[in-house]
Structure formats: C-alpha cells, structure tokens
Amino acid sequence: MPSPALLVAVPLIVAALLGALRKLIPRWVADLAAVLTAAGNLAIACWWMAHALHRTQVYWFGGWFPRGRMALGIGFTMDGYGCGLAALAALLTTLALIFSWKHFESAGGHFHPLMLVFLAAMSGFAVSGDIFNLFVFFELMSTAAFALCGLKTQEPAPLAGAFNFAVTNSVAAFLMLTGIALLYSATGALNLAQIGLALEGRHDRLVIAAFAFLTTGFLVKAAEFPFHFWLPDAHSVSPTPVCVLFSGIMVQLGLFGAMRVYATVFQGCFAGTGVPWLFVAIGAVTALWGGMMCFAEHHLKRLLAFSTISHTGLMTLAFGVWTKAALAGLFVYLVAHGLVKAGLFFCAGILLHRFETMSEPALFGKGRSLRWTAPLWFLGGLGLAAAPGFALWAGETHVTDGAPWAEAIFFIAGAMTGAAVLRVGLRVFAGLGDAGPVDRSAKVDEKPETTDAGRRLSPVLYAPAVVCVGGCMALAFWKGTMRVAEAAAASFMDFRGYAHMVYAGAIVVQQPVAPHDLLTRGIISAVLRALAAVAVALWAVLHLRVPRELRWPSHLEGPMRPVRELQSGHPGDYVAWLTLGCAVVGVAALWLGL
Amino acid sequence: MTLPADYPYFIAAWILLCGLYGIVRSRHLVHMVISLTVVQSSTYVLLLAIGFRQGGYAPVFAGLHTGVKVVDPIVQALMLTDVVVETTVVALLLAMVVKAHEKSGTTSPDDLRFLRG
Amino acid sequence: MTVILGVALLALIAASALGVVRTDDVTCQTISLSFYGLLLALMFFLFRAPDVALAQITVGAIALPLMVMLAITRMKHHKEATGRARKEQQ
Amino acid sequence: MKRRHRLLLFAFGAVGIAFVYCAGALNMPAWGQYRGPYGDAIARLAVYQRHATDTVNAVTYDYRGFDTLGEEFILFSAVTGVMLLLRPEKQRAGEKKNQEGGNPASFRDRAALSETVQVFTTAIFGFSLMFGIYMATHGQLTPGGGFQGGVLLAAAPMLLYIAENTEAFQRIVSHPLVEFFEGAGAAGYALIGIAALTMGAAFLTNVIPLGMTGDVFSSGTIAAISACVGVEVAAGFTLIVYGYLREILSRAAREGQ
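Protein chains in written order, with the numbering used here: chain B, 26 to 619; chain E, 540 to 656; chain D, 8 to 97; chain R, 47 to 303.
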C-alpha cells in the first residue's frame, strides 16, 4: 500500500534536490527525473482512486490519531473525488513535462523544481482533510504558479500578468484565512470533519460570514465572475505547459476547495436553505460571461482562457445543483474538460512553436501545413461544445437531467466556446474567409518559448495532445466512467460517512448506485449544440458573404467593447471587483441562509 | 468610556479594509505590495485575538507548571506559518516589480497595462 | 494594566495601518512599515505570543524593509544606468 | 476604469464586507475567553508526549508539522521564483562575461565609513551568527526556532555589506554552496518524514528518542526539523538578497575596475 504522504513528499524531495544540484546535473536528467516523479504520482493517485472509491480512508500525519472526537494532527482523507483530481493533476503534469522536453533552455534549471512543487501542492490540496492545511497547499500552489507565470522575463507583459495574478490570489488567500479564523473561533477545531460536526444545524451570522470569506477565497482561484479578471492575464502570458496546468486543473481545484469545504463543513448548516442557489447564480453568470468574452477574443491563449472561465462557471452551476447525479456529472465534466483544454493548449503551443505568434489574424492560413494539429484542434473545439463522443457530453447530461434551464445555459456556453475555437481553426488551418479583426490583446506579441522555434516538430509536441483528446473520447465510450463518478459523488456528498471515517476509520458500506442511462436522451441536444457551434463558427468566418443585416454581430466587436474595457489590466481594478464580489457573496449568503 | 468588549476583532476588520483600500488607491507597484502586507497583518490580529485568554500565560512551559492556564498555542503556530507566507510572497512580488520596471521603465500600475481587452 | 496597554496599542496599530497605506512616497512607506511591524511585534509580546513576536521582529523589522529597500535601490540603480547609457549614446 | 470609479466601486464593496464581517463578529465568543478544545488539549499533551517545553514549536514542527513542510516549500518556491525572475539574461551575450566575472576585489564605495561603525558591525556580525544558531537549535525549549534563527543567520552577511566589507559579503552570498544548502535543507525536512515511513510509521512521526524534557537534545525530531528549517531559511534569504544585489554589485565592480 503506497503511503498517501508520498503524493506530496516525493515531488517535493525531487524538486528540492533538482534545485540544489541544478548547476551540476544535465538537462535530460532533470527532465527524466521530473517526468518519472509525475508519473509515479499518477500511479499512486490511481491506486488510491481504485481503493478508496467505495470507502474513504484517512491517513494521520505523524501518527497523531484523534483523541475521542478531537483531531490532534493533520489528516489526509483519501476519497474517490479527491484522488481522481490528484490523478488528473499528475497526468496533466506528466504530459506538460513531456511537452516541455525542448522548452526553456533559458530558465536555468528552475522550471522543473517549480513544476514539481506545483504538482505536490495540487495533490495535497485535493486530498487534505484539514482546513488550515488546505490554506497551506493553496498558498504553495499559488507561489509556484506565480513564479511559473513570470517565467518569460524578456518582456513586461508576462510580468504584469504574473503581478495581477499574484496580487488578486494573495488577497484571496488572506480572505480565506480570515474565514478559517472565524470558523476556528466558532468551533476550536481545524479538522474539516470536526468543524462540520460542531457546526451541524447551526447557521448563525458567524457561520455565514466565515462561509462568505472562505468561499470568496476559493472562487477567486476558480475564476468566477467577478473574481475572474486575473485569469486571462495570467494565461495569455504563461508558457504553454504552465497554461495546461492552470486551465486544466488549478482553476478547477479552486472550485473543488469550495466544494470540499461546503460538503464537510457547511452542508449540515445550510441544508434546506437557499445557499446552494448562490453557486448556481454565480456559475450561470460566469458561464455566459466567459462564453461571450471567449467569442470576442482574438488572442489564442486568451480565448482558451475565457473558455476555461465559461466552463468552470458551468461546473460551479453543477455544484450548486447539489444532487448525486449532478456531482457525478460534474466529476466527469471536470476531468473531460481538463483533458480537452490541455489538448487545445498543447495545439496552441505547437502553433506558437512553429509561427511565434498567438494572434488569430497573424496566424491566418498559416496552419495549412500542420496536418496533425488541425484535426486535434477541431476535435478539441467539438469537445468543448460537448458534442456526442466526448466525455463532457456524458457529464453535462447528468447535470442537466430534469432541469431545462440548466440545459439552456450549458447549451449557450458550450456552443459559444466551441464556436470560438472552431472559428480559429477554420481561419488558421483552413484559411477560410478573412483574417478577422486585430484587437488590442491580439497585438500582445509573444517571444518563442522554444530554442529551436520554427524548425521541425518532434513527436514529443504531438503526443501529449493526442493523449488528451483521445483520452477524453475514450472516457465517453468506457462503460465504467459514470459508475466510478457516481460512486465518487456519493461518498463526496455523504458527510456522515465522511465524519465517521475520520474518527472511527470504520467501513461504511454504501448503497450500490443504480446506473443511469441518460445518454440516449441527451444526444439530441448534444448534436444540436455541436451543429450550432459549427454554424456560428462558419458564420463568423464567412461574415462578409452573408447578408448585411446578419453581419454586424459576427465578432461581437461593437457590442462587446465596453464590456471588454472592464478587463483593464489594472490590479487595483481587480481588487476593487474582488471586494465588491466578496460583499455580494456575503450579503446574499446572509439573505439566503438566515 | 466603554469599549465594545470585542474591539480587537473589529480592529482586524479595519486593518483588512485599510490594506484593500491601499491596494485600490495605489499608484506605485511597491506601494501596492506593502499594502498587501497590511491586508495580511489583519489576519495576525484576528488570529491572536481569537486565541487570547484573559490572564493566560504564554504557552512556553520552561519554568511553568503544566497545569496553568495558557493562551492558545495553535493560533500562534498558524501565525508563524502566516508570517513566512507573507515574506515569501513579498519577495516574489517585489522581484516581479523590479523586473517589470527594468523592462518597461515604469512603476505605476496605470502604465503597466499591457493586457487589456 | 494589560488591558489599557492593549487598547492603546491596538488603537495605535489601527491608526498606523491607515498611515502605511496613505503614505505615497515609497521610501517613507518602508519606514512606516517597519514601525508598523514593530508595533505588531509589541502587541504579540503583550498578548503572550513570544514565538510569533520574535518571528515578527526578524521579518517585520529586518527582512521586509530590507527587501523593499533592496528593490528600490535596484530600481534606482537601473534608472541611473539606463540614463547614463542613453547620455553616452547621444 | 477611472480612479474615481475604482474607489467608488471599492467603497461599496468595503461597506458590504464591513457589514458581513461585523454581523459575524458580533456572534463570536467574547474576546479573551478562548474556549476551544484544540489548543488546551495540545498545551496539556505537548510536554508529556513530546518533551518539548515550547508548545508552539511542538505544534509547528510536530503536531502540525505537515503544514510547516508546506510552508518551507512555499519559501523554497518563492526563492526559486526570485532567482528565476532576477536571473541575468543571456540576451546581451557580449556583456555577460563582464556581469558575472567582475572582480570584486577592486570594489570600494566612494565615501568610506567610519572605523567605529565598521568594527561595531563586525562585532554584531558574530553576535548575529551566534544568536541565530542558538535560536535555531533551542526552539523546542524557549521561544524561537528554525525560522527566526534562519532569518538572523541570513542577516549576518548583510551586516558585512553595511560595514562595506563587500568583498567578504560577495564571497559569502555568491557561493554555490548557498544554493545547495537551500535545497538540501528543504529536502532534509521531507527526508526526516520519509525516514519514519521506512520504519513503518506514518509520515513525519517522531522516530528519535525523546530525551529529558528541558534538555537541548530532547524532543526528538523537533530539533532536527528545526535545524533543517534554519539552514533552508538562512540560505533562502541569502539567495534572495543576492538576487537583488547581483546586478548592483557586478556593475559597481565593473565601474571600480
């Protein structure tokens, strides 16, 4: 039985050793050590995923078992949901490290240690069962991410992006710590299960204030409206392998933090109140906002970043629905989205490697020679639209089962983001229509990340994208996907079982989950959504050939301009929005929860 | 004069809002970083206030009976972590500021807006 | 006694927090920051947290202002160096 | 957004946050009446279970030692980030040789410092070293610990800089071993945890005999971890300082030649 501590300890040790000896060891040793470590994490996380799926297990650090009902030390709770996310983090890190085999000759050996620390932080965050430990891993994740974001120090834009990222996320961390302190004053405990038991049935103003601060902290990481402003800035300037991790897993881990805390601490307080609707509302606004901004964007990485915002909004909505089916769907959606988004970012990285630009107009028609990247990109675009054959579709069907309003939001957001990606594909790889407008963000030029940019493309650049897109499709066709997800969701929601496990370590047998078959019912809307995405993309690309009355909004240029001005690049603005958002969350929670 | 008995809690909130105000009104990136440390210091005050016990001793039992009333050692351990986090984040942010200044020649957040729209 | 001292100290801390963020000149702000850090350390001693107080003195009075001053110095140096280079070019 | 609008937006948010916070804080237990079970239990248990008189350090390095492991790596990644951001750039290949290989021996500032100051700071240098080492090794007994001691140790070379012994300063801070110690200290912490794993105990379990309460060599892993942290913090802060000063030092050295 591999100790869960290895998930965190091994990457940290390897990172420290690589950092200590960075001048002595050759590049390929660092590459190999990092890839092997990440793959090892993947294996351990998968092992635990298989073994903890039906019964959560607890690991007490330092051997400090609880005394009576009081946790003395820090515990990891290995459950299906958490281990699944740890496995996804490890998989994406492995692929990103493979992709970066030829990158960053100039980073002087700092890249690998930071990536491994980032991996350790994500793994620990996914399975931690202690609220302050969550904060520590949140900060560790942030610190490594800030440094990775500013990797390209040749020009000011990445530094500005990293600075905005760092300021907003640090403020978020301190709000979160304020929330933790409030909870500690109410219960005198830091273990999630212990806090949850102490608070059960209590929803006074103190609990709601703590909820507001904690949730705001997590939602900043999850880039929910109006806390999302940092994300496009950070993504558009980060190196591709880092973008993969940011978009594929880090942002979703922010949401997962909110979910974990809600499931263990606040579920018993807010049962029967309207508080989950808060997440539905935030998620819906974010999904639509991100979809619109995504469609109006012409910088490839920024476009993908806004699509991440939109999809994380959809996941937040699914979280707010808070049924077993919705959480199972959310789990599948999260994993599938991580894979597809990673695949798209890898494709964008190939384009950047080959053509040294990320601007849609500048790339117009250039991709014709890339025979392998084009299908991957188009498949990714269809995947984002949750077309049939991608696991996103299976997830979405479970979330929107019996909720037509949710289906409408998934439809619009999926079609918008899918259309934006397909539009870029049509322009870049097929050279269809015109080059598209040049906007301000499309002019942010990027320095190449590779040392041999423009030269031939090696298979290490393609393989990760193939694995990602292929994996997402395989998940859709594997029979066990939904069964695993439903088991994970069932134990995730079951707070009594969780608390019992933390204290007693006893086995809780869950009721077998009846397998749903919703897919046949959802297929019509999925096909329609994919068709809508293709149609909108074609309309945007060929807008000069359609009748004049239908032409004007094809890029959302005019109507979106005042909205896009809000994305001002000024950290002060972002913090002002963050403050307002925290206040709104708090007041709304007071109103819904009391 | 009667103070509200819980005034340290409110002072923590005041410091939090002061720090946020500093970030929002800032015209210099270093100023912004320092304001961020003020935001962080509010969590020290809050944590310390929560763990305090009137008439309690410091939780160091060198020359103390183990039975005496002490203040909460847990919050102090959390604050130690907090202090380290503060310095490291500041070091990293200041390095970004220095580098951004070298690359763009400005230290004002108003002029460092390369990422708009 | 502790209570009166505590009230006074906390009031001073609240005032100087506002002072730190209202100081616009960065060099002055560094000095006010280290003063603020020392006030915090004093409060930690007063409220029976000697470990944190020591950490706060080493960080708030040494490490933080030092790093800020280093950053300011480096930026000043850079400005001078680029100014000189430009002059030489002319 | 204009500055005025930003401040207005913030004003609304601040009022809202103040409202939510105050609503919550009015429900909090009265100030000075800490009643939580966690802290009291630890304060009761730490001396018996861990033979450590400073319970804060017992919590930091043992009961919640896993948090501190994360915290050490926050420091590690921040130091790596600072070195990464402030690394000398290869772009100006011609200049590079000058930057790195400037001869520090010829470096002197224009105005010399008075000898009193020089002697005095050199004396403090020794004191700072001693006190830093003392603090890093006595954390389990008295206030202090690896972190505080490490910062003091890192401050020692800075005193040399102030005393204008720049040569010695540069020789210390630019030594390749500093970087090694930074990584080794961080790895050492995690390896102490792994050592317990190999003996079949949980990660970070104490495996060293506890010794007499009040003795320097008491309380098992706490002292060992504290020492690792001290090494890492000292080396880390030295690296940060060097990162900031590298360019200034090398430029001054160039001009001195």
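Worth flagging that the hints you see were computed from the coordinates, not collected in a lab.
The model shown is predicted, which means the values in this text are computed figures rather than measured ones.
Don't take each hint at face value.
[Unchecked claim] Simulated restraints, written as ranges between beta carbons of each label pair:
1. B:503 with R:75: 48 to 56 Å
2. R:237 with D:15: 41 to 49 Å
3. B:460 with D:96: 34 to 42 Å
4. R:90 with E:647: 51 to 59 Å
5. D:18 with R:47: 30 to 38 Å
[Stated by the list, open to error] In the DSBU-like style, the derived pairs of lysine-lysine whose C-alpha atoms are separated by at most 30 Å in a straight line are:
6. E:608 with B:127
7. D:94 with E:608
8. B:504 with B:391
9. D:86 with E:608
10. B:48 with E:608
11. R:48 with E:642
12. R:48 with D:83
13. D:86 with R:48
14. B:349 with B:127
15. B:504 with B:349
16. D:86 with E:642
17. D:94 with D:83
[What the hints assert, rightly or not] Examples of chain D residues toward chain E, derived with CB under 10 Å:
18. 36
19. 44
20. 92
For glycine and all other residues, C-beta sits at the position ideal for the given N, C-alpha and C.
Can you name, in rising order, the numbers of the hints this structure does not satisfy?
-> Violated hints: 6, 7, 8, 9, 10, 14, 20; rest satisfied.
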